[in-house]
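*Asks:* These protein sequence lines map, in sequence, to chains A and B. Using our numbering, you'd call the opening residue of the first sequence number 1 and step up by one each time. Using our numbering, you'd call the opening residue of the second sequence number 230 and step up by one each time.
Any given hint might turn out to be false.
Simulated coverage check for chain B against chain A, where a stretch passes if three residues somewhere in it have a Cβ under 8 Å from a Cβ of chain A [said to hold, decoys possible]:
hint, segment
1, 427-434
2, 500-512
Estimated spans, in silico, between C-beta atoms of each pair [to be verified]:
hint, chain 1, residue 1, chain 2, residue 2, range
3, B, 397, A, 178, 37 to 43 Å
4, B, 596, A, 180, 19 to 25 Å
5, B, 676, A, 180, 30 to 36 Å
6, A, 112, B, 462, 40 to 46 Å
7, B, 241, A, 105, 18 to 24 Å
8, B, 672, A, 105, 50 to 56 Å
9, A, 177, B, 255, 57 to 63 Å
10, A, 112, B, 498, 42 to 48 Å
11, B, 453, A, 42, 37 to 43 Å
12, A, 180, B, 581, 58 to 64 Å
13, B, 672, A, 157, 33 to 39 Å
14, B, 607, A, 154, 52 to 58 Å
15, B, 496, A, 112, 18 to 24 Å
16, A, 139, B, 545, 32 to 38 Å
Don't read these hints as lab results, they were simulated from the structure. Quick reminder that beta carbons are idealized off the backbone N, C-alpha and C, glycines included.
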Amino acid sequence: MAATLVPNKERANDEVRRELAAQLATATTTLPGDESAFQVEPGRIVGLLGSLGSGMTRVGLSLLVEPSRVAPVVVVDHRGWFSPLAAWEVGIDPESLYVVRTETSHWTQVMATLLGGVRAVYADVPATVADRDYRRLAGIARRERTAVVLRAEQPLPSGIAHWRITADDIVWEGSDQGHGRIGRRTLSVTVGGKAVAGIERQWEVEDHGTHPVRVVAGLAPSQARRAAG
Amino acid sequence: MWWRDWPLRRPDAPPDRPTLVAEAHEVIAANDLARALGVEPGMRRREGEALCPHGVILDRDVGREVSTFEPMISAIEELIPRVEVAEPGLLFVEVSGALRYYGGEDVATDLVLKAVSPLSGVAPVRVGVANGPFASRLAASQAPPGEALHIDDDYAYLAQQDVAAIGNRDLVATFRWLGVTTLGELAQLPREAIASRFGHVGLTAHRLASGEDRPAAPRQVPVDATVERVFEEPLIMMDQVGFAARAMSVELIGGLCRYGAAAHRIEVEAVTEDGASRHRVWRSANPFTEDMLADRVWWQLRAWVERGGVTSGIVRLRLSPADVSGDGRQLSFLEDTVAKVEAERALARVQALVGPDQVLVAQPRGGRDPGDRVEWRRWGEPTDFTPSSAPWPGATPSPSPALVPRQPTQIEVEWDGGMPARVRLRSRWVQVVSWAGPWRKTGRWWKDELDVDRYQIVTSVGAFLCEVKANQTFVIGVYD
């Protein structure tokens, strides 16, 4: 049974919030936010927070899988390190993937240009991007209804309505002390923002490499699907 | 009407030495001295250079060719108004109206030959008269210099021609291997069988062999795709005109793409500040692309400016598609055409911003390291690359690193009895949680490469693909 919330104008906001928090804490079924938290919709901005090696690149790429089925998607790479192998493994077709390598100084201009014409963009954000540039890009993305996944080492500035996915922990399985090889990984993330009605939740992302990626929300696993997050 | 070796008509082409003109590593024209040595248009530039090592090799300059070709077109337009330019040295003229006006084919062709002969110089024009462009082009190539070859029955004429006339080398080679040597033999084959075996290119070849230049039912586009720009400030610089032409080409072709249509003829019209109007029709056997169209508009405007056709600033530019066919790109079921066109426009602007080498597409290929398994190429460049799904012994297994440095990056690893114990990331040391390997990769001795050992090292903050050579550790991939 899917839990739904009907806002009641007669009740105070804090009462509604408490009720929602109670529902979320005891949820054993799929909540409205679960279905959409790992999908990028037109105009949505997703901020991925995590250091290099925290596994967020594959999470971000998996968000582009659905948009890539109908239109080209673009990866903006200011380091020049991006490898499309991972993108292909999560399910993005090579013909739908374009990579733009840019200097840090041109990053904002490139992003503004792409947001005006491309349906979904994944971008590695340089540390030097100013808050006003973030806000301007967010405005373009909302106006042009472009889905944007921003991989940053710092949180996006306040005032930008976005979905925030923060890497908490990563566990690799398959390798040992010289034996086996890296296989499955389990990534613990915290999802915040409007995806879960402003309340942060813990999620687990299971990644088997070339196998479908499985998202586990709280105690209620959603249906496994290909490269959902 | 066809002038052989028009690209050789340039002042820097010496008449007394073997000379050839090349474009994109292919010979497109050669004078008689070069031909006597075995050089033929269509062969690779390297072969041409090898056959006449002391000859003159020139790079093609299409803009100049169009400019020198302009007087020919103007001379013909004085007699027959509907002239369509395919390329410098080749044009098509719709003569049905002219035949009635002048009273017959012979009279009309004689008038045209007299008009252009004084301008043609050493290489006279060859004229082919037929019902369709394909047959007339073929007839012109076989006509005696300075004369016309009239074809009464296109089908019968084409049936005797060699199958090489269709132009596609691979397809021609296959047809010959199958025993089909003439267009007549090709036309007698069932069209369904050709379409089933060879697809679109085979179908097009069969249509040409049967005397059909274009599908019987041209594509109907529900809106007028004409693109027009009015400039309040007249354009007086060729660069300004070039930018405008490119933007208009993108808009026109993009508009047609929305309906899966493509244009084979484009009318270019320019109106100048003093009220003069010039127009020209360009034709292409293959559908125009944005680049092709932008180039032709640019060449035409340059030719008008250099030949005095346009004497003041341009205030209006108009591109009108004609002869629209359904030869547009075949879309997949889910594909959003509008999104694709808009994305390509955005990428073109980004390419102008960051340079052509920075907007890339990639294809999988074989290789041992993650960096080797990606074939990068510039976006917009044609490719005949075929992805391989064959297994590659020695390749690092999936999952693949999401980040691969362009050059292996050295890191500090503390080893304990041959096992990695700690890794230094920036300023701090992190403990190795687990590791896999080593997998030996034998270096290419002919490139002086050393043998390396590859490891997957998992730390508390991330996993890395490393290689160890000469007691130094390098990161070649980050599992991010």
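*Asks:* Does each hint fit the structure? Answer for all of them.
*Replies:* Verification of the supplied hints:
A count of 0 residues in the segment 427-434 of chain B with a Cβ less than 8 Å from any Cβ of chain A is obtained; the coverage claim is therefore unmet, three being the minimum. Coverage of the segment 500-512 of chain B by chain A is violated [criterion: at least 3 residues with CB-CB distance below 8 Å; count 0]. The beta-carbon spacing between residue 397 (chain B) and residue 178 (chain A), approximately 56 Å, falls outside the hinted interval of 37 to 43 Å. With their beta carbons about 23 Å apart, residue 596 (chain B) and residue 180 (chain A) fall inside the hinted range of 19 to 25 Å.
Checked against the hint of 30 to 36 Å, the pair residue 676 (chain B) and residue 180 (chain A) passes, with Cβ atoms roughly 32 Å apart. Between residue 112 (chain A) and residue 462 (chain B) the CB atoms are about 27 Å apart, so this pair departs from the stated range of 40 to 46 Å. Look at residue 241 (chain B) against residue 105 (chain A): about 42 Å separates their beta carbons, and that is not inside 18 to 24 Å. In this structure, residue 672 (chain B) and residue 105 (chain A) break the distance hint of 50 to 56 Å, their C-beta atoms being roughly 38 Å apart.
About 59 Å separates the C-beta atoms of residue 177 (chain A) and residue 255 (chain B), a value consistent with the hinted range of 57 to 63 Å. A C-beta distance of roughly 35 Å is found between residue 112 (chain A) and residue 498 (chain B), which places it outside the suggested range of 42 to 48 Å. The beta-carbon spacing between residue 453 (chain B) and residue 42 (chain A), approximately 30 Å, falls outside the hinted interval of 37 to 43 Å. One distance hint, 58 to 64 Å for the beta-carbon pair residue 180 (chain A) and residue 581 (chain B), is violated here, with the actual separation near 49 Å.
Checked against the hint of 33 to 39 Å, the pair residue 672 (chain B) and residue 157 (chain A) fails, with Cβ atoms roughly 48 Å apart. With their beta carbons about 33 Å apart, residue 607 (chain B) and residue 154 (chain A) fall outside the hinted range of 52 to 58 Å. Distance hint check for residue 496 (chain B) and residue 112 (chain A): the Cβ-Cβ separation is about 36 Å, which falls outside the suggested range of 18 to 24 Å. A C-beta distance of roughly 36 Å is found between residue 139 (chain A) and residue 545 (chain B), which places it inside the suggested range of 32 to 38 Å.
Of the numbered hints given earlier, the model fails hints 1, 2, 3, 6, 7, 8, 10, 11, 12, 13, 14 and 15; all others are met.
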